[in-house]
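Residue numbers (UniProt numbering), protein chains in the order written: chain E, 1 to 109; chain A, 1 to 259.
Do not rely on the hints blindly, as some may be mistaken.
Partial chain E-side listing against chain A, Cβ under 8 Å, derived [claimed, not checked]:
#1 G12
#2 E13
#3 L21
#4 E22
#5 L24
#6 P36
#7 E39
#8 E41
#9 K44
#10 S45
#11 S46
#12 V47
#13 E48
Residues of chain A clear of chain E, computed beta-carbon distances all greater than 12 Å [claimed, not checked]:
#14 L70
#15 G99
#16 A102
#17 A203
These aren't lab readings, by the way, just hints derived from the structure by calculation.
Backbone N, C-alpha and C define an ideal beta-carbon position, used for all residues, glycine too.
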Amino acid sequence: MAEISFPLPDLGEGLLEATVLEWLVKVGDQVERNQPFVEVETTKSSVELPSPIAGIVLTLHGEPGDVVLVDRPLITFAVADDSAGIVGTVPQEAAPKRRVRLSVVLDED
Amino acid sequence: MRTDIASTLHWQQHEPALDAGRAPVLLVHGFASSTALNWEATGWVRDLTAAGRRVLTVDLLGHGESSAPLETDVYAPSRLRAAVLEVLALAGIRVREAGNPATGVDLVGYSLGSRLAWELAAERPDLINRAVLGGMSAEDPLADFDLDAADRFLADASAIAHASTASLMTLMQLAPGANAPALLRLVAAIKAERFEPGASVPARPLLFVTGDRDVLATGTTQLAALAGGSEVLWLPARTHTNAVSSRAFKQAAIEFLGR
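The shape of chain A in the complex, shown without the other chains:
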């Protein structure tokens, strides 16, 4: 049986003031975040376009200005990646050509966005030049989420015993505009399609950037070891929440993607 599912994704192109003639940079935000929170308020879009890069942003399904259907299957990470690839096609991204730095696309991810970027870089080495993976965890922190406790909490504010579930629920409720019922569908879809970093390792150049006080992004060293030749930048005194806007993070990413 074939079923057609139409979903509305909000994406944008941000043109550089002076085009450096390099491939566009696609930004993939984290769980319970959005283009506006993860990349605009933090200065990423401004700094990348000021560096001459054309920037593509997309609100993942259930986030920002994209639609937020209340079904689980549509949030499968494989389908989120397929939607991102569809956006790249619509934006006119061409496969990489040797010696032509304007072809292909570079990726910058944060948290869940880094998981998706890792998988995209592994699946599409013909398309992806380089990737910067921020706040990335080797073991998906969402996969251990206690969905039943979260549902009870939303229904009648029952206390959540599982510490990381409680902290993620807090995150969802705190994030401006976050749609908790849709995000719980995404969590269910992630539990069914867990991140297995060893299953498919990107062969493209990678830069990992993690706050040294980030307790959610565990395993940066392990991921960097899996992807031979990759680079790691630790941000002093930064957490999972506040590493995103770090100037050192942005400058390192712009330098790495400009090589």
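Next comes chain E alone, as it looks inside the complex:
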């Protein structure tokens, strides 16, 4: 087994930190790729972060209410050795989209 830590990802818009609201996993849990593992709040919104990798939770870096900084460790996993070389990124999966034109008729009598 190998250990891999993931930092708080860049949440965009120049944000440098986030507050931990709630951990959705605990130490010892088996986490699947894409499974949300924490809920964090920035000054703009609150979000769930999906796991970039499958593994067993070794360390949660911070308690609810703690401020964590972008690029600082957020969670550490134990993973199978053959996957330790993979650099994780937060997965982005685009949902199918549809765009429609709605015509609204205004009666201004």
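Using the hints, position chain A against chain E.
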């Protein structure tokens, strides 16, 4: 005189992995938010589809990927509701049939989206099965917004004296992708068509969910009293901003809509 106004609304259908055979769930986001911020980044679409529900999302006019015309009338809450109903028709939603849980539609709203969901549930009991109303206020916080001060602020960064106006302007400027000039038109339209919860009360089952530190969503108890038989869930230590992603909120909504 009749005028045709075409507006582009962005809406999506999200299919469940394993369909539970229940009516779809329409998610209606809040002011200065969007489908992406209110429902996707927070895990709502994933959790509802994982629970076997087909999910419909729509970006309200002036928000997200929908168009943002710079006129006021198009943002009237009654017209936002009409557009939502048009989306439901396009998505093939059928009126409720007794004993058929796959018919009709369930609603989940947040903030302004809850106001619209309340009004939709009151207007269309033939269509709406149940509604979950998150972060909802009995007195629309946008109705007291100081539009002149906001316009001056946008023009030359003049200080805004009115505290709630200043905090809403901050919200608009902070929200990723928010279109402040369009949102001010929406505020003007809301001021002209204020929320009157007593005017039309939904007869359908309702679940109210509010953070107990939410200072914008006042009147949850009053609204629940108006709508007899409704349920209330308070989220400990949550605010208007961070209640949305709460797991307790999502789990309660999924349980309530699954009954």
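These are the hints, each one checked on the structure:
no., hint, verdict
1, G12, "holds, 7 Å"
2, E13, "holds, 5 Å"
3, L21, "holds, 6 Å"
4, E22, "holds, 7 Å"
5, L24, "holds, 7 Å"
6, P36, "holds, 6 Å"
7, E39, "holds, 5 Å"
8, E41, "holds, 5 Å"
9, K44, "holds, 5 Å"
10, S45, "holds, 5 Å"
11, S46, "holds, 4 Å"
12, V47, "holds, 4 Å"
13, E48, "holds, 4 Å"
14, L70, "holds, 17 Å"
15, G99, "holds, 31 Å"
16, A102, "holds, 21 Å"
17, A203, "holds, 27 Å"
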